[in-house]
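Keeping the supplied structure of chain L fixed, place chain B upon it in accordance with the hints.
Residue numbers (this note's numbering), protein chains in the order written: chain L, 1 to 311; chain B, 312 to 824.
The reader is advised that the hints may include incorrect statements.
When the alpha-carbon atoms are kept at most 25 Å apart in a straight line, the in silico PhoX-like pairs for lysine-lysine are as follows [stated by the list, open to error]:
#, chain 1, residue 1, chain 2, residue 2
1, L, Lys104, B, Lys652
2, B, Lys697, B, Lys491
3, B, Lys667, L, Lys95
4, L, Lys104, B, Lys741
5, L, Lys127, B, Lys652
6, B, Lys655, L, Lys104
7, B, Lys655, L, Lys95
8, L, Lys104, B, Lys667
9, B, Lys697, L, Lys107
10, B, Lys491, L, Lys107
11, B, Lys741, L, Lys95
Rather than coming from a laboratory, the hints here were simulated on the basis of the structure.
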Amino acid sequence: MNYKPTKALLLAVGLIAVFFSKTTAQTPNDAIMMPKGELCVAAIYGHDSWDEYWEGTLKRNNGNIGTFTRQSVMGMFSLGLTNKINLLGGLPWMKTDPSAGQMKGVKGFQDWGVWLKARAIDIPVGKGSIGFYPVVGVTGPSSNYAVDYLPFALGFGTYELMGRGIAIYEHDKGFYVRGSYGYHLRSNTTIERDYYYTTHSVYSNEVDMPNATSFAATLGALVIKNSLKVELTYDGMNTLGGFDIRRNDMPFPSNNMEFTRIGGSLQYYFPFLKGWSVLATGGYMLSGRNMGQTTSFSGGITYQFGLWTPK
Amino acid sequence: MKKVIYSAIIALVALSVFQSCEKDLPTNFKYSSYEYASLDEDGGTWKPVVLTSAAQIAIPAPEDPGSASYQAELAALKTASANLTSQQAEAVDYWSNNGLIRWNEIARELSAKYNMPPAPNGDDTYTAPDPANPSNYPNFPFAHPPYASRMYAYWSAAQFDALIAAWHYKYEYNRPAPYKADNSIVTHLPQTDLPSYPSDGAVVAGVSKAILTAMFPLEKDFIAEKAAEHLNSMKWAGMNVESEIVAGDSLGRGVAAVFMARSKGDGMKAAQTAKPISDSLRTAAHDRWGWQWDNLEIPPRPVGITPFFGQVKLWCIPDVTTVRPVPPPAIGSAEFEAAAKELKDYSENLTDEQRKIANFWSDGPGTYTPPGHWNRFAAEAIVDSKLNPLRTARVFAYMNMAIMDAGISCWDAKYYYHYPRPTQAIPGFKAILGVPNFPSYTSGHSTFSAAGATVLSHFFPNRQAQFEAWAQEAADSRVYGGIHYRFDSEVGNTQGKACGNFAVEIAKVDGGE
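So here's chain L without its partners, still in its complex pose (with noise of 0.2 Å):
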């Protein structure tokens, strides 16, 4: 059977760069696709965290919060509905803390997510292939988080709609570039006070969300006889709207954030060990704009097999 198991893991990866951020970058990014009838699942811990942040475009830190943390815990699967259409899925538990001061940080659920990824191209060209690979999906709040609590709100309590396009050239000789850009449709979120001050008075418990894309440029290579692969990416966040954290205040989810971001990737197969593998990535953050310059990692397992294709 000669399905490539590296390719689970390469999705795997692409997934997890994705949920790492407190944003809603949450997308599948990479162009991997599970064959029909296969299902990969994923365990991944992943900790973000952050002294500095930008408010506004000034960089601080703040005595009351200290060091910031973000852990996770994330499941997720993909599974392959035909060749060239995928669904995947995941959902993670967080948890944040503060290192100083008088507040605490919250725990659980965050936001469910459901994508479909389809092979829209993939032909041969010279020695190598081109691809192109459409995303589209959803995410919401799978618990009645507080929304208003940033910076150690679990997310922003919002429904998204998500379009990603993920082009791809492949060289047979084992690496490859790779590119996406995606566009986030946000809906109004509830906070649990009925008025707030952005820019002005607002008499709602309703917060106008804005819109917001997301970028992403990758290098990578699969070496060891492909059982090893190793990505170095660069990407990032825009908000189409919002307002600048105000001197001294705390964030907001409506404000305007922004970030770009190096980061790392590496995954190993177990030729022992059939349908397995860990992997671990690793990011930081260059420059941003009501965020936390954040320096995160991850490490997880995933495992693959076939659902209604028997291996």
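Quick look at chain B alone, frame taken from chain L:
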């Protein structure tokens, strides 16, 4: 082809789900002008708060109705209200025939805009706002709850006195409204039998501009623009001729000056004490009670918020010690331990409903404060009851004087007892709301809210149950939030009611009942 159509339909439905919520969210109170429930012809005989008499501030007598100048004013008004641009029509609709509601809303917006604690300087020190240099960071003022309560109180009480004076002059001169002198004048607000000299809308604008500019000096231009639009709206609405507006504006400014003179000597200047005085209060409390409150922010703030606000001049209460509560339980006593246990239980097991209550009433930095929240409730009740501007000002005045008095009483207790917050006295305890920069006992939310509820219940007795329930929930919210002990809120609630009753007793005999 079918597949394409289906996916397009799905996409459009999905899009509409996500985008249909994008209707504009309200930025102010949506209400319409209304016919006043009463005119209060004897309003000029009511007892003012500070003015020695309704005639203390003089205005010129109006011109004779037969005069050429008055006829010219009528003609000018007829032109002004005949064909409104959409912008003018919107302004008339916005300012309505009860401009106090809009100015109260503007006061709330400004108090939210300026309600932000200063950030630490790079070297772990803090700078205080400086009224002499308001545009230096941190901008003046820091509109914390004491400051906000005082701003709302001066604005409201000045409005009340100015409108008593206006009603006095209205019925002294008995000048009929312009649209009665010339019924070809088109009007865009409800017509009344109220005499129109001076213009009460202009009085409201004059008072508001003077008081709010004094309270928020950096907003001078914004406030002037709003006042100009308010004054113009009366002409666009066909309500008042120029001389009525000029007289009203001058009356408003004159009364405001009397109140600003009171404000300069009311003790607020000394309320944000220097560190040595603040430290001496802490030491005195420690000597007297064996405990003290400390600011646990990082870096620590050297002085709490207005340690001497408890010494500011009261409106309705003769002496602050009259309403000072009994001492709180000793740290480590049975009552303290019971309150600590309750807080820890809530912290471990907070329900969604309790969390929501904590957040709904938090009214913290970046908001209009608890006094502002009660002004919002007052505005809604006033419009619902169709009160005329004089009676509207009466409600705001007594409520805000009671709320400020409650704040003075609360701050007197806070710095006299200097009681540590739960996050200080209970080892390892954390809150879900920001811990304010002042001592714990008693709860400001509880005292402000109980005072507000007591006064509003007097003016709107059919809403008493609602107001009292809100005041109770506001008090509970601080316990759920982990920043007050149960006894802070219970005693504060009683304290606030007592303060509110002083205001009610004065209202009962001011002639307006």
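Going down the list of hints, with the structure as the test:
no.: 1; hint: L/Lys104 - B/Lys652; in the structure: holds (17 Å)
no.: 2; hint: B/Lys697 - B/Lys491; in the structure: holds (23 Å)
no.: 3; hint: B/Lys667 - L/Lys95; in the structure: holds (20 Å)
no.: 4; hint: L/Lys104 - B/Lys741; in the structure: holds (5 Å)
no.: 5; hint: L/Lys127 - B/Lys652; in the structure: violated (71 Å)
no.: 6; hint: B/Lys655 - L/Lys104; in the structure: holds (13 Å)
no.: 7; hint: B/Lys655 - L/Lys95; in the structure: holds (20 Å)
no.: 8; hint: L/Lys104 - B/Lys667; in the structure: holds (16 Å)
no.: 9; hint: B/Lys697 - L/Lys107; in the structure: violated (48 Å)
no.: 10; hint: B/Lys491 - L/Lys107; in the structure: violated (68 Å)
no.: 11; hint: B/Lys741 - L/Lys95; in the structure: holds (16 Å)
In summary, the structure is inconsistent with hints 5, 9 and 10 from the numbered list given earlier, while agreeing with the others.
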